[in-house]
Amino acid sequence: MVSKRFIAKRLLLLVPVLFGVATVVFAILHLSPGDPALTIAGERASQAYVEQVRSNLGLDDPLWEQYVRFLRDTAALDFGQSYQVQRGTAVSSILVDRLPITIELAILGQIAGLLFGLPLGILSAVKKDTFTDHFTRIGALAGISVPIYWSGPLLILLFAQIFGILPTSGRISSSYFVDSTTGLILVDTLLEGNLAAFESAARHLLMPVVVLGVYSMAFISRMMRSSMLEVIRMDYMRTARAKGQGAKITVMKHGLRNAFIPVITIIGIQFGSLLGGSVLTETVFEINGIGTLLVSAIERSDYPVVQATVLVFAFMYTLVNLFVDITYSILDPRIEQ
Amino acid sequence: MAGNDSQLSRRSFLKAAGSATVAATATSSVAGCLGGGGDGGGTLRYGRSAHSDTLDPQNTTSGEVSKVTNQIYDGLINFTPGEATLEKSLATDWTMDGESVTLQLREDAQFDDGTDFTADDFIATYRRFVDEDYEYHFEESSVYGPFTLGNWIDSVEKDGDYTLNITLTQPYAPFLRNLAMFAAVVMSKDDVESDFNFNQDANGTGPFQLDELDNANGRIRLTPNDNYWGDGPQVSELLFIERGQNSTRAQALVEEELEIIDNLDPDTISTVEDADNAAVESGQGINIGYMVFNQSRVEAFRDTRVRQAISYAIDTQSIVEEVYEGIATDANQPCPPALFGHNPDIEAYPQDLEKAKSLLEEAGYGDGFSFQLTTFQNARGYNPAPLPTAETIRTNLGEIGITVEIDDRQFGDYLTYTGEGRHDASLSGWYTDNADPDNFMYVLLHPQVESPEGQDYVDWGTEGFNTSNRAAWANEEYMSLVEEAQRTADQSSREDLYHEAAQIAHDEAPWVYIDYADEVRGVRENVSNYTVSAIGGPHLHLVEVE
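Same order as they appear, the protein sequences are chains A and B. Each residue of the first sequence is one higher than the one before, counting from 1 in the UniProt record's numbering. Each residue of the second sequence is one higher than the one before, counting from 1 in the UniProt record's numbering.
Hints were generated in silico from the structure; no laboratory data involved. Treat the hints with care, since some could be wrong.
Stated by the list, open to error - Covered by chain A, per the in silico footprint, the following chain B stretches (three or more residues, Cβ under 8 Å):
{"id": "1", "region": "134–148"}
{"id": "2", "region": "208–215"}
{"id": "3", "region": "239–248"}
{"id": "4", "region": "343–349"}
As the list claims (entries may be wrong) - Derived coverage of chain B by chain A (criterion: at least 3 residues anywhere in the stretch with Cβ under 8 Å from a Cβ of chain A; other residues may be distant):
{"id": "5", "region": "218–227"}
{"id": "6", "region": "269–278"}
{"id": "7", "region": "466–477"}
What the hints assert, rightly or not - Far from chain B, by Cβ distances over 12 Å, these chain A residues were calculated:
{"id": "8", "residue": "G20"}
{"id": "9", "residue": "F116"}
{"id": "10", "residue": "P119"}
{"id": "11", "residue": "R233"}
From the three backbone atoms N, C-alpha and C, an ideal C-beta is built for every residue, glycine too.
Work out the full structure, taking the sequences as your base and the hints as a guide.
Right under this line is the structure:
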């Protein structure tokens, strides 16, 4: 079993990681061009007015002072108020609004990827060098090679504009307003018992999830295949067969568990890149998750929002990796040592 | 100046251009609308490129925010739909005499929450915006606080509940128009003096009230304000929906998921034009796109002949027709034709390379010179294609021996860079704030400091210099004309002054005047009574949806 000490150690490591990320983000923001005071003040503002905005925001303080203040506030989980994206609103409350949107997309994308990727990978390995194998491999290669900003618009063109069977963008039709209980639109619509709204949300999410899912499926099936091929050649597999166990059971019982370890790593990394990929997916499908939030915050020099969003990305990424490591040690207790 | 603005009849051509109403033809296309209810019933869905970042009209300079707040709040005075003229709103009558302005207020207006509107509400609104001594002063108030009210108002007093006496710091003719701006709409005193969250909530006397602000999906739902004093609304529900990409916004219109869309570029215009269930409606805009010569920085630009030569060399007509695909007209002076300050006798510099070369020769730059042209990257209303515009300028000027290096920047960075006067020349532009010529001619070309003896420009670092004058131009004759116009109450005298100033601004060429862009919307055929407005709109309470 996983020791508490292992988890505690890993959680403790989060602190320097997040500190590093915070420092880098702070540095990049303050070194890059663009002046938030001027962006807020607008084209009409006089120099004096811009100065006043700058001093209201504390942006005229020495950089080290701003840095210390930022670290202190961040440590207290106070991310400040948005400058521009949602003026005067606490960044934490913006994140509470937006984060579930991205998580829902990433989870659905991951589920779709696993649902198709794992069986395809296993099938490909078991039927090595047959037509099925070649077909799956080419499909996977194509899936990895096609960037989201290309496949997304292509799907929109095909299913929304030419066939007209799916909506182009957004998460739900404008006719439905659903109370945000969990922030996950599929769950919220069900909680309200509004099946029509649920259907609308599902139809809206279909294309983004497919786009994310294809990418993740491709990775997972390739990894599953090669890992499975390695395992199939192992002695214990032959022993199992020699003892008279059927081929299917051997693969599923002995093969799968062992072949799964490298795949779990991929799934972990994948989930991280799904969160990152959400920046593109959300932009293409105009979904207001933290991906689009980050993009618009960068465009508008909204420092507090950029800082908090990047930290949340880093935190989630690290957390997923920790989760992956824990899963390893459950699958193979030797790893923890 | 009383009641209705006197320029109404003279600008009637505007109405023809601007009041692009759509014939209502009933079809089966109402599917997707929430049916019934309300006055006229139905849902009006307005698609736009960005969601509101606040609902507080005093916390923004964004036109995107005003589209929503204009439905919820009323000003003392409003802009007439589709025109640059004024009409009654919370004030039913007004007089302006020198520095003294008196307004009679409406006695039958109520806020959404049922409280009565009185003079105290305007006073609280004004004080929240600009009065630092007021306990409830809003510290983050936008630059429109000082820009439109604070700099001009000395005091605001009430005489009973329904009369306001405003004393100005100096005679200032555009003042009534400033009162009609979205930023000057009236909030409730009770809200101002409580912890009401104006960023996320709203309570006005306007035709609609806020029903739901859905930031997670970029949507805002408004419903009719039952207490509204005026006509309308004609629909039972009004939705503002964010569709960031122009193409998907146009597609959503054609697929009958939206009734009206704005911010159309040439590509999306053709999508709407090709559809049989929607049409493109356009009206004259109140804006200008131009190229600035920074005289404070580049010595060659201080010679009028060089500026004229460049004006002759740049083919603005082809920029407007080819690059902007005809959704603009070419410009010839600072003030756009929709406003009375525009001098109709001025013609644009035609492209004439020979004349340009000989002017350069005369000025001693026959061998040419080089400069950097700073521009923003993304389209703005007054400049639908900044990079191709810059490319055209580079090509045109290459033909008279001038080398142009294009320096393109993200908008925020561009603002900082040019705001600090580091540009040689820049592409620039302006949307009107208050539909007054002063807002172009004084704000953008008057340095607001004395013109130094013997020169037509000021140094960028001069104390108090108006950096909106990115050309640093300081022509004394022009300056005194626009100052006088600012102080002159009589409309026709003002008009003469602006016409004279416009002639100077044309001849002296502190800018290359590029274009006045049209206001373009996509409108479904089930929509009627919609007017394209360049200012004060959209006037959605009048719109009917079948």
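Going through the hints against the structure:
no.	hint	in the structure
1	134–148	holds (count 7)
2	208–215	holds (count 3)
3	239–248	holds (count 7)
4	343–349	violated (count 0)
5	218–227	holds (count 3)
6	269–278	violated (count 0)
7	466–477	holds (count 3)
8	G20	holds (27 Å)
9	F116	holds (28 Å)
10	P119	holds (35 Å)
11	R233	holds (50 Å)
This entry does not satisfy hints 4 and 6, going by the numbered hints stated previously.
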